[in-house]
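Taking the hints into account, I'd like the entire structure generated from these sequences.
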Amino acid sequence: MKTTKKSLLSSATYMVAGSAMALLSSAAAYAQEAADDAAPEDQTIVVTGSLIRNPNLTASAPVATIGSQELELRQTNVAEEVLRTLPGAVPSIGSNVNNGNGGSSYVDLRGLGSNRNIVLLDGDRIVPADLTGRVDLNNIPLALVQRTDVLTGGASSTYGADAISGVVNFITKRDFAGMVATASEQITQRGDGNTFRGDVTIGANFDDGRGNAVLSLGYQKSDPVYFGGDRPWSEVTLESYDEFFVAGQGSSTTNPARFDIAGGNLQVSRDGQTLQPYYAAFNFNPYNVFQVPFKRFNMFGQAHYEVADGIEVYARGMYSNNTVDTIIAPSGIFASAVSVPVSNPFLTAAQRSTLCARAATNAALGGGTTMTAAQCAAAATATSATDPNFRTFNFGLRWRAVEVGPRNSDYNSQVFDMRAGIRGNITDNIQFDVAGAHGESKKLQTIRNYVLLSRVRQALMATNSTTCLTNTNGCVPLNIFQPGSVNAAMVDFVNDNSTSAVNTKLDQVKGVISGDMGFASPWASDGINFAVGTEYRRYQAEQASDLLAKTPGELGGAGGAAPDINGGYEVYEGFGELIVPLAQDKPLMQQLELSAGIRQSHYKIAAAGSPTYDATTWKVAGVWAPTSDIKIRGNYQRAVRAPNIGELFSPVSTGLTNLGTDPCAGAAPVTNANLRAVCLAQGAPVATIGSINNPTAGQANITSGGNTAVGPETATTWTVGAVFTPAFLPGFSASVDYYNIKVKDAITTPTPSDLIGACFNGLSASSATNSACTAIRRNPITGALDGDPGTTGGLFGVLSNLGKLSTSGVDLNMNYTTDLGTLLGQEARLSLSFQGNYTAHSKFQATPTSLDRECVNQYSVNCASIQPKYSFNQRTTLGLGPVDISLLWRWMNKVRLEDQQMADDLAGCGNVTDQQDAVGAGGNGCLIDTRFRSIKAFSWFDLTTRFDVTKNFDVTMSVFNLFDKKPPIVGGTVGSTSQNGGNTYPSSYDALGRRFAVSARVKF
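Numbering (the working numbering), first residue to last: 568 to 1571.
None of these hints come from the bench; they were simulated from the model. On a predicted model such as this, the values are computed, not experimentally measured, just so you know. Don't be surprised by glycine CBs; every beta carbon is placed ideally from N, CA and C. Hints are supplied without guarantee of correctness; some may be wrong.
[Said to hold, decoys possible] Here are the simulated DMTMM-like cross-link-like pairs (lysine to aspartate or glutamate), alpha carbons at most 25 Å apart as the crow flies: (1) Lys-1311 / Glu-1140; (2) Lys-862 / Glu-752; (3) Lys-1503 / Asp-797; (4) Lys-1009 / Glu-1137; (5) Lys-788 / Asp-977; (6) Lys-862 / Glu-648; (7) Lys-1072 / Asp-691; (8) Lys-1009 / Asp-790; (9) Lys-1311 / Asp-1419; (10) Lys-1009 / Glu-648; (11) Lys-1371 / Asp-1181; (12) Lys-1410 / Asp-1312; (13) Lys-1410 / Asp-1466; (14) Lys-1009 / Asp-1063; (15) Lys-1461 / Asp-1481; (16) Lys-1309 / Asp-1466; (17) Lys-1153 / Asp-1093; (18) Lys-1009 / Asp-691; (19) Lys-1570 / Asp-775; (20) Lys-1532 / Asp-790.
[As the list claims (entries may be wrong)] Each pair of labels, with its calculated beta carbon distance range: (21) Leu-1379 / Tyr-1180: 35 to 45 Å; (22) Gly-795 / Leu-1379: 37 to 47 Å; (23) Asn-1460 / Tyr-872: 44 to 54 Å; (24) Tyr-786 / Lys-1518: 19 to 29 Å; (25) Thr-1238 / Ala-1407: 40 to 50 Å; (26) Gly-1250 / Gly-831: 12 to 22 Å; (27) Asn-1040 / Gly-1176: 42 to 52 Å; (28) Arg-777 / Ala-1504: 55 to 65 Å; (29) Ala-916 / Asn-1040: 23 to 33 Å; (30) Ala-1567 / Arg-777: 31 to 41 Å; (31) Tyr-1103 / Phe-1291: 34 to 44 Å; (32) Arg-777 / Met-746: 14 to 24 Å; (33) Leu-1510 / Gly-1085: 49 to 59 Å; (34) Asp-1386 / Ile-1199: 29 to 39 Å.
In structure tokens form, the structure reads like this:
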């Protein structure tokens, strides 16, 4: 069946343009619909960035608009897919993130973090999906979206906290009447990743137009796209620090099993008879996916009714039930300490002999670090723990439980959000709007096929093949000493499912009075507009986990415990806004307008002592149009971001971060006394000095948590720009805007390199007692920074208000539409659009003593998502009667490995050359390989044809990644786990390859 789909859809490349040409010869020609992005004449305009709803209002802040036509041309299924491709935005968590996906999709507008922008629906907040207060974009009802406004810069005085880097506002169709049914199908050229989406929207006006009601239902199902297979560049995990080091191509948690023993590492031979020096990593790539499986059912309804002249009641409700499945490599035991009886029945004589000579044994029963041949022989026959000759081998176990199957995490989210209110006229010029809302989000994570550490420890403590020394829970002895010998009974005993739930609630009440003050400037015809109001919000969130999930290290490969969390806070706000037209239709003052806004917020935290704090945000802005051809605009804002529930209430726990190289790894501590002292002070056993490994798969442990003492972060944002609509070129418009965002008192945790640098930069004799060094805690068996989170704290990063963030750049937007007359017997029109961004810098400084790190045009474990200096989208659309043929060109410039990461690696390597660094040449493999240090400029092209078959039926066909552009290869450990997967950056560079989409729409 897959072959059939693939062969059929491969021909679609030629059909997309060919079908359009064929339709032009049709006798019937249907008039092109007017763009539905414009609002009806009787509808109050929603201006993103202002509380004043006035059709004559001109935005003083740059707002990019994505119309429903653009969403249709892209055949977008979830909002995140299109938002992350906007120039100036950077990828966050979405459909192309597997390991690190928590079941929700987010937007990161300027690379300042997905928690520093807010997502609105018709100008109002909706319930967040997680403890950090972020809205899940998977729940946005795209079928009813009229347009999407993306506002650059702070907007806290308008919308409250969190709007530091910008706002995404989804505007729905207000007075929809009729029925629209849409079905779409997408698949890659390689025959995988099939996505089906269907939507039905029904709306009607009633009571002579006094009311309108609309209901939209949707369903979507997306299949996974696995690493490898027809994408051979992702088949094998490449070690970014040495792609030719075979033992480094993957994870050191392996199958056959590996044992961490002081002075070296041993691995079970492939025939299961002996123990050998570590020889083969585990290739986890084939288990992972480029596109996560996704299923969604959503329902959206809204209605309004004019109960009396000038008085309207309204309501809207949204429900979404979606499931995201992540699929990663099998579970196992990740460097946790275990004990195995010398008399374990699965040990071969050769294996036992090696362990007797190399492994630590239980000294409490008379043994030393190792055993003599006589002691070993006696212990081999001691099958009872009461036997005086009974002894155990004690070592760190790295065993990949491939027989259990891949780790699956099913994230089921159910979101309900309802809003109701009343609005109307107080006078002919003054309006009111009072509304309340309640939203709930319930996300249940069910993880499957995870090995339990306690069960493995119990199952290894066996002296016969049928029972365990502690024979409870139906214990089945486990054989890890012969590859392929783990049977179904063993699998059933050592693994179990676990659940963790995140539930959030948001209650809101808001009242606004706005309108015309009834007087105007002497030089202006429009009056002075105002808005005043008050708002109340209450956030509540909890994380509730079962015992398995919240026990550190119990779930093999879960990345740390999921502790119970419960918290909340309330916000009381008052706000006001003023827009003053100073002059209109005057010489050199076609328009001169000033505006200002202010919001006072009072926060009350649901914690011991009920701590409170206040925050004030404000803005000033202006627009000057000397002629109708040009407008100059600018604004300056003071914005805030309040600490979210996760930042306030998360207990201290150990999880995972990314770190490529460890200063204590390799031979460096052997010849550097100060370094050796620091490694020992951090908990590395003496016997491991000289043989400590870098973190497995570039993932190190980190201990961190929330802090109820953190306060709001503040930001100053300003933009200045111009809008051009020259009369001599009808149909052309352009805007150029400079933005500058600076955040102080940022709630941050230092990057892994910052934490390492705070200790290891400038080592001296006193470094071993420096708190920056002793806060780092190493694996008590291997000395490394990864392993059992119950015993290995790893790096230590606490939240504080000591950070700084800043970014600046320029956005350029151009649009041109013109009629071409008659072409091929049809009325022809040409539309050109361009969205470009130049990001001058994007800096992060975690503490006053940390590096002020620049991440623009650079990638590393410290710069998670790729943020190019230059990027653009350009669309060309040719309309021929009932047919549109559109080509989208997306481009981003060349990027490189982070300069500071390279400098740190060079310093840690002793400034060796690339050739000396190679493991094959006797080096440590501590420099990113040369070919992984840069990524060339990239272009992608998407071709779409849309045509009206009849007045009520249209079809859209697309080929995405038209030339099947392969993504860049940088290995699997150069960046963060969430963004750097399959040896590339799949959220930044298309890893799926050429794919085809077709959708059909019926409308009445």
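Return the numbers of the hints above that this structure violates; sort them in rising order.
none
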